[in-house]
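Peer 1: Build the full structure now, drawing on both the sequences and the hints.
Protein sequences, first through last, are from chains A and B.
Just so you know, the first sequence maps onto residues 1 to 431 in this note's numbering.
Just so you know, the second sequence maps onto residues 1 to 422 in this note's numbering.
Derived by calculation from the structure, the hints in this document are not laboratory data.
The C-beta atom is built at its ideal place from N, Cα and C for all residues, glycine as well.
Take every hint as true, because none was put in to throw you off.
Per the computed footprint, the stretches of chain A lying under chain B, defined by three or more beta-carbons under 8 Å from a beta-carbon of chain B, are:
(1) 8-18
(2) 27-35
(3) 77-86
(4) 90-100
(5) 110-119
(6) 297-303
(7) 357-363
Taking CB as the label site, the calculated pair distances span:
(8) Thr186/A - Glu249/B: 34 to 44 Å
(9) Thr186/A - Glu176/B: 48 to 58 Å
(10) Lys217/B - Asn419/A: 53 to 63 Å
(11) Lys217/B - Asp210/A: 32 to 42 Å
From the structure, some residues in chain B lie toward chain A, with a derived Cβ separation under 8 Å:
(12) Gln133
(13) Ile146
(14) Val252
(15) Gly320
(16) Ala352
(17) Asp366
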Amino acid sequence: MKFRCVENTRVDERIFFGTHESGLKIYVIPKKEFSKSYAIYGTEYGSLHREFIPLGDTEKVVLPDGVAHFLEHKLFEEEDGTDAFNRFAETGASANAFTSFNITAYLFTCTDRFYDNLDILLDFVNKPYFTEKNIAKEQGIIGQEIKMYEDDPNWRVYFNALTAMYHNNPVKIDIAGSVESIAKITPELLYKCTDTFYNPSNMRLVCVGDVEPEKVAEFVDKHIPKDRVSGEVVKFEVAEPKERVQEYIEQKLSVSSPIFNIAFKETETGVCGEELLKREIETDILLEVLFGNSSSAYSEMYEKGIIDGSFEVDCEFEKEYGFTLIGGESKVPKEVYEKVLSVIKDAKEKGIDEKAVKRAKKLLIGDNLRKFNNVEAVGVEFIKDFMKNINYLDYTETVEKITMEDIMNRLNTHFDTENAVLSVVKPLEEE
Amino acid sequence: MALIKDKICEGVNLYYIPADHFKTNRISIRFHLPAERENITKISLLTQVLKRGTEKYKDMKEISEKCDDLYGASVGAGTSRMGDRIMVGISESMVADRFLSERILPEAIDMLKQVVFFPYLENGVFKKEYVKQEKENLRTYINGIINDKKSYANLRCNQIMFEGDPFGISAYGYIEDIDGITPENLYEEYQRIISECPADIFISGSYSKEDIELVKKEFGFMKPRKAEDIQTALARPEDIKTEKRVTEEMQVTQSKLAMGFRIGVDPIGEEIYDLTVFNCLFGGSPFSKLFMNVREKMSLAYYVYSSLDRMKSIMQISSGIEAENYEKALEGIFGQLEEVKKGNFTEEDLEASKRYIATSFNASKDSLVALERNYLRQLVCGKEEEIEEFLDNINKVRKEDVCAVAHKVKLDTIYFLKGEGK
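Peer 2: Structure below.
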């Protein structure tokens, strides 16, 4: 296989990428001066992918909630009864994994013996081993993980916002599932998922650090047969109405004061690549200009005492879904919600300050540069973006290309004040 | 990578950590104070008031606009603890000039200087509204500690274990002390801190000779002060009078267990290496005794781990469990501690721990914040040791050393935040 190099001299970063004969896409970002090296090996499979046709089958399978995440835990287990953590213990690497809405990824950080670690990573992820017994054991551990999240007010306020936004999109389902849903998991089911989603053409490998692309390819050759080529995975997308489910949702938990998320649902989904990156940046600029620390609305609300330092803005855009979240702690979430809506209506009428846009762009360019300080963050950011067909190295240039007109368009399409959601977690004793 | 030492004046050190593989530079200033109950709430409030406005940038909006203009320079301020001392720290991270089409370092340094030394004043004291609003925010913040049940349980355990000790003082301050704070007495405390408390300025990243001179010039107005050392009293097992067990109930699904142990090992003595290896092997890694047994074999928890405060010499164990599994979890944890004491672990476990420690210490070279914290800890402890030297000493630790140090670990407090389960 051959690697191609793309460079961005302004940020002083380069990336090698190539496609292995098996279909696996490989990316190497050299960072020789760093102590750490990092690899992340992921599949485009997460909690969203509940319905699919297993490779070689003709009939659709509908998975119980939480399978992708359960599978992530179980892949660490090896046939001889040990687990992959023990193998990383031999090399001193620190290994981990995560499952999100659309990715399951396995990763390690090391300061030594990178290729030995890569060897382990590629080996254990490609060798699933599931039994009734090891599944039962995991149900106890994940049961505790689920309960930990049930008590986490920030997680709850977030998922409740998703529930209020989405009718059908599985993004509203908790990634770990529930104690009841994971009880339905069988070895056969897990094998169906690995056979389908853990095939090379559905996966990506990103390596960051003191790493040679050709050497990475050698290890991939060792673990993944070149002829293990498989067809495209047949996934099903659920039709999602543009409208929100409900405007307001609340839950009571043992917290000291109310926590809120205000959400805006993206209704034009199905976009990827540069278009998606542009959409993300335009939204980030708008969020900075309208609600960032240097905005008038932020100062006004802060000085009035209805928000505090916990106030945050964020957006997430994927092919299958997208949303903006504005959240924090407040004694009067409804007042913050009204203010946010009125700021948006105002901006739509009166337009946006061009100077503020310029400042926001500088801020984003600085934040982007900052990310390259962190070997792990680079790995995670790149793998997520590659799955969306975005080249992260294009970031700065994309920011600069965005015009005032783009931003106003974005404001008018995404920030629909008639389709917003307010999610609140209230203290138990409050009425 | 070695620390370059310089001085602004008596009691004010300047340290430079050269590291040119980062996209950013960093500057921070830290004032050292003994942890004392009577001042802590004011100190905690102070860091928040300083971020509200300066002489040049009179409110948060103006500060933020300037920071955005400096490509998102970020200024942070807060209190932190190191042993029995509290540090008031204000730091800033900014993109290095070589990645930009303009030079921002001088203005970024000026920003930090503004925030620390030239606060926005009215009638010679802090602005009334700023103090009032930040008092309210601090109240919300302290009340909100309970929202994160895991860190709340760990904090409660520490409070119970160190009641009446400087180490038990909350660095965030106390609700009941907020009302008594006025713009006048807060300003008085501020003046005392910036003019009398020993201070360290750290710069890290890529600074040229001229840049360093600029820093020295910019902070050259700081007055000499006594470079007093603040000692930390080690937590010794012999100080345990009775084991404390406290259970509190709360309407939560998962119960949290927090356990505190006293060890009494000198952070600059020879045994510190043994202790570091012990912790990794016992509960500080994903192949540790706690993880492999209490989580993987007994299936009792999603998280169960131990961590050390090497300066105070304590170990804390933290876990989330079902309320009904309380006794089982304790049995599992103590059982594993006994196993380590008896030496029921392999040479491979020992070597794996050393490698794991090496990875995490070497990894700290990739973060300016971590580098700064490492050096600061060494300076505070009074023993300088490069990472390589430290790891050489870790490599010398033998199995019997781990067993010996395991015998020094003595339980002081078990705190249990009991939920209802579901």
